[in-house]
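Protein chains: 2
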Amino acid sequence: MTIADFLDRAELGFRDSPGVVDEPQQPAPPVPVASYGRFAERVRAWQAGLDALGVGEGERVAVASHNSARLLELLFAVPMSGRICVPVNFRLKPEEVDYVVAQSGASVLLVDPELDAGLSEVKAPHRFVLGEQTEAGLMRFGTEPRPWSQPDEDATATINYTSGTTARPKGVQLTHRNIWVNGMTFGLHTRVWEGDVYLHTLPMFHCNGWGMPYVMAGLGVKQVVLRKVDGTEILRRVDEHGVTLMCGAPAVWNMVLDAAATWEGEVPGRDRVRIVCAGAPPPTRTIQRVQEELGWEFTQLYGLTETSPMLTFNRTRPADAALPAEERARKLSRAGLPALGVKLKVSESGEVLARSNTVLDGYWDKPEETAEALEDGWFHTGDGGTLDPGDGHLTISDRKKDVIITGGENVSSIEVEDTIFSHPAVAEVAVIGVPHEKWGETIKALVVLAEGATADESDIIAHCKQHMAGYKAPTSVEFRESIPRTATGKIQKFKLRQPYWAGVERGVN
Amino acid sequence: MTIADFLDRAELGFRDSPGVVDEPQQPAPPVPVASYGRFAERVRAWQAGLDALGVGEGERVAVASHNSARLLELLFAVPMSGRICVPVNFRLKPEEVDYVVAQSGASVLLVDPELDAGLSEVKAPHRFVLGEQTEAGLMRFGTEPRPWSQPDEDATATINYTSGTTARPKGVQLTHRNIWVNGMTFGLHTRVWEGDVYLHTLPMFHCNGWGMPYVMAGLGVKQVVLRKVDGTEILRRVDEHGVTLMCGAPAVWNMVLDAAATWEGEVPGRDRVRIVCAGAPPPTRTIQRVQEELGWEFTQLYGLTETSPMLTFNRTRPADAALPAEERARKLSRAGLPALGVKLKVSESGEVLARSNTVLDGYWDKPEETAEALEDGWFHTGDGGTLDPGDGHLTISDRKKDVIITGGENVSSIEVEDTIFSHPAVAEVAVIGVPHEKWGETIKALVVLAEGATADESDIIAHCKQHMAGYKAPTSVEFRESIPRTATGKIQKFKLRQPYWAGVERGVN
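For the record, the sequence lines run as chains H and B.
Position 241 of the first sequence, counted from 1, bears residue number 241 in the UniProt record's numbering, the numbering being contiguous throughout.
Position 68 of the second sequence, counted from 1, bears residue number 68 in the UniProt record's numbering, the numbering being contiguous throughout.
Think of the hints as simulated: they come from the structure by calculation, not from any bench.
Treat the hints with caution; some may be incorrect.
Claimed, not checked - These stretches of chain H come out as covered by chain B in the derived footprint (C-beta under 8 Å, 3 or more residues): (1) 173–187; (2) 339–347; (3) 460–473.
Beta carbons: idealized from backbone N, C-alpha and C, even for Gly.
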C-alpha cells in the first residue's frame with residue numbers, strides 16, 4: 001500500500017494514453033502533454049536528480065507552486081522514493097513559507113518562477129526554481145533512480161501544513177497507507193474509471209489535491225492542469241477536454257455559475273460532469289443552481305487535511321431522484337454518510353470524532369498536539385455535528401476550532417489575532433468568521449484600540465497583508481469599547497459570531 | 001480494515017433499505033426480505049448464539065449450504081466476532097466434507113436441510129441444520145453479542161478449501177485485510193454503487209462469493225439470493241428485481257444465452273446489466289453473444305481463491321468502444337490489467353507470479369505448502385501467462401498446476417487419479433482437462449487396465465461418483481496400452497492434452 005501502486009499501474013496499463021495535460025500558461029515552459037509512460041519517466045528523472053543531490057530517504061522536499069505538471073510529478077516522485085513531499089500553499093508570505101521550510105527541516109525547496117522573487121529570502125540547503133533550472137540542473141533523464149530501500153505503508157509520504165487551533169500552521173503527516181486508502185475510497189464513492197477526464201480545479205498543495213491525483217493515475221484517467229481558478233476558463237476547459245470530474249470549494253462553483261451566466265451557447269458538460277464540493281458547507285442555493293443551471297451532478301465530501309481528507313460523502317440516492325429539486329439540494333447540503341471504513345461518533349460535548357485508516361499519523365514534531373488530537377484513540381475534528389439516526393448522514397453544525405474557512409482556505413483566527421495584536425495601536429482583538437455570499441465565510445476583526453492610539457480599518461488590513469498571505473487578512477474591522485470575556489478570561493467566540501449569523505442558512509458558526 | 005466496516009456502514013446508512021432478498025425456494029422457510037438494519041440484527045443473533053454455545057474467538061465454524069440468506073449472514077457473523085468461517089462446497093461427498101471439517105478443526109458445523117441426510121455421518125462438536133434448528137435453537141435475538149476483543153486486520157476471517165496440486169483440497173486462509181482490499185478494489189473497478197442490484201449467481205462458498213457480499217453491503221446494494229443456477233430463472237430475477245450486476249463462470253453465461261433463445265419478449269437488462277466473468281477463460285464467442293444477444297456489458301476477472309481472488313480485470317476501454325465486435329470480444333477474452341495494488345510478473349519458466357494485499361496468509365496447517373506457494377515473496381499462481389508490453393494486460397496461456405476448471409469448479413486431477421487408481425482393475429491412470437463447449441473444460445481419464453482385468457467407461461465413472469462429488473468424475477474414459485512418461489518417470493500432461501486442444505481457441509491446456 002504505497003503511492004507507487006498508483007503510478008506503476010498507470011505506467012503498465014496506460015503507457016501510451018494521455019496522462020497529464022499541463023496548463024499552457026505556466027510561467028516556465030509547460031511540460032508537453034505527457035502519456036503516463038512519459039509521466040513515469042519524468043518522475044524517475046526527478047528521483048535520480050534527488051539521488052545525485054544526495055537527498056536521502058526520509059528527507060523533506062518542499063514545493064511552493066501553483067498547480068502545474070511539475071508539482072504533480074513531485075507528488076509522486078518524492079514519496080515514491082521514500083522521501084517526504086511538503087507541498088506549500090503558494091499564497092503564503094515569505095515568513096510563512098520560511099516557517100514551513102524550517103519547521104519541516106526541508107533540505108530541498110522548489111519554487112514556481114512566479115514565486116521566486118517573493119520567496120528569495122527563504123533559504124534551504126538546496127533551492128531550485130521550477131522549469132529551466134530543474135529540467136536542466138536537477139532532473140536526470142535516462143538514469144535509473146535508486147529504489148526505495150524499504151517500502152513501508154506506514155512511512156510518511158507527505159507533510160501538509162494546515163491552520164488549526166494554534167497560531168502557527170501544523171504539519172500533518174500523511175502516510176502512504178493514509179493516502180492509498182483515501183484514494184481507493186474516494187475513487188470507489190465517486191465511481192472514477194478510465195473513461196473520466198479530471199480537471200484540477202483544486203489546488204494541488206491542498207491535501208495533495210485531496211488525494212485525487214493518485215487514484216486518477218491508478219485508473220488511467222487523463223488529468224488536466226489548471227493553474228488559476230477562473231470560472232470562464234473552467235468552462236472552456238470542460239468543453240475543450242471533455243472533462244467529467246472536478247473538485248472544489250463552494251466558492252469555485254459560484255465562480256462557475258457566474259461565468260455560465262455570460263457563457264455563449266450551451267454550458268458544456270450537461271449530464272456528463274460530476275463535481276465534488278468540500279472545504280466549506282455549500283449553500284443549498286448553490287447546489288440547486290449547479291444542478292439546474294449547469295446540469296452537473298453535485299456531490300459533497302467532508303473531511304480535514306488530518307483525515308486525508310475523506311470522512312463522509314453525500315450523493316443524491318437513487319430513491320431520492322424524484323424529490324423536488326429544493327429538497328434534494330437540502331439533503332445534499334449535509335456532510336454525508338461516513339465513507340467505507342470510516343467510523344464517526346459525536347462526543348458528549350457535540351464534537352465529531354473519527355476513526356479511519358485515513359487519520360493522520362501525527363503532526364510533524366508536535367507530539368503534544370498529536371496526542372491531544374488523537375485522545376482516546378479517536379481523531380478530534382474540532383467540528384460540532386449530528387448524525388441522522390435515520391440514514392446515518394452527518395451534518396456539521398458548529399465549528400469548534402477557531403478556524404475560519406474562507407473560499408476553501410483554512411485560516412487560524414488566532415494567527416490573525418496575533419498579527420493584528422502586533423500593531424502598536426491595538427489593545428485587544430478577536431477575529432471571527434462572518435457569512436459571505438461567495439466565500440462562505442469572510443474574516444472580521446473586532447478591535448479595541450489602546451488608550452490614546454488611533455488606527456482605522458485600512459491600517460489594520462494593510463498591516464495584516466504586510467505580514468500574512470492576503471487571504472488571511474480581515475475584510476472588515478469593527479472598533480469596540482471592549483470585548484466580553486468569561487470569568488476565566490476566555491473570549492466566547494460563538495457569542496461574538498451570533499449577531500452576524502442570525503437568520504443565515506446553515507449557520508456553521 | 002475488518003469485515004465489520006462493511007456491515008457497520010450498511011446498518012448506519014441503509015438501515016431501512018432492502019438489503020437481502022432470500023431465495024423463495026429454500027428448503028427451510030426463507031428469511032423474509034431483510035433491510036440492512038434487520039440483516040445486522042440477525043448477524044448479531046448468530047453471534048450471540050455462538051457466544052452461548054461457548055464457541056471462542058479463532059474457532060472455526062463450517063457451513064455447508066447452497067446459496068441462502070443464512071449463509072450470507074454467517075459470512076459476516078462468524079468473522080466479525082473474531083471467529084473463522086469455513087464455507088463448504090455443497091457438492092462435496094460426505095468423506096470430502098468430513099475431511100474439510102476435520103482438517104479445519106471446526107467446532108461447529110451448519111448444514112442446509114437438503115444436505116442434512118447425505119452428511120449425517122459428518123461429525124463436529126456442534127452440528128445444526130440451517131432453518132428451524134438454528135432460528136430457534138442457536139440464534140439469540142435481542143441478546144447483545146460479546147464484541148471481538150481485539151479486532152485485527154491480519155486475523156484469519158475465512159478458510160476456503162480449494163483443489164490444487166495435491167490430492168486433498170487445501171484450506172486457504174484469507175484475512176480481514178485480504179477481504180477488505182479485495183472488496184474495495186473489486187468495487188472500484190466494477191464501479192459498484194448504491195443504485196446497483198446484485199444477483200448471487202455465484203456460489204457463496206466460492207471464495208466467499210468472490211468477496212462481493214462484503215462490498216455490496218458496504219455500499220448499500222440490494223442482494224438477491226439465487227439458490228441454484230438456472231438460465232431462465234436468472235433472466236426472470238433480472239427482470240423482477242431490476243438486477244444490474246452478476247458474477248459467474250462462462251458456463252453460467254452460456255446457460256443464460258440458451259435461456260434467452262427461448263425467452264418470450266425482450267431479454268431483460270439490456271444496457272443496464274454488467275457481468276463479471278471468471279473461473280475459466282471465456283470463449284470469445286460467448287463474450288460476443290453476451291454483448292449482442294443480451295446487450296449486457298461483459299467484463300472479466302482473473303484470480304484464484306488464494307488471491308481473494310481479484311488479480312486482474314478486463315473491461316472494454318472507452319478508446320476501443322468503436323472497434324468491430326469481434327475484435328472487442330477478442331481483447332476482452334484476455335485476463336486483463338492488474339487491479340490497483342496488484343503486481344504481476346512472469347517467471348523465467350513462464351509462470352504468473354503475484355504480489356498483492358489480497359494474497360493469502362497461508363494454507364491452514366500446511367506450512368510447507370504455504371512456503372512453497374509464497375517462495376521468494378511472490379505468490380505462485382501455477383498458471384502460465386504473458387503480459388502484453390503495450391497495454392499491460394495478462395493473457396493466461398497455460399495452466400501449470402494439474403488443476404482442471406470445469407464449469408468454474410477447480411478439480412485436482414491428482415485427486416481424480418487417486419480415486420480411479422483405487423479401482424481394482426486400474427493399473428495406470430492420467431486425468432486431463434479437454435475442451436468443452438459449455439463447461440470450458442471437462443474431465444477425461446486415460447486408463448491402462450491391469451493385466452487380465454476388465455472394466456468399461458461406465459464402471460470407472462460410477463466408481464468416481466461413489467467416492468467424490470459428481471462434478472469431479474470424468475465425463476469420458478479412454479483405455480490405453482500405456483501412458484508415456486519422461487526418463488524420470490513423470491507424466492507430461494501437456495503432451496497428453498495436446499491432441500485434444502489442437503485448433504481450439506485459447507488453448508488453456
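Exercise. When the hints from earlier in the document are held up against this structure, which numbers fail?
Worked result: 3
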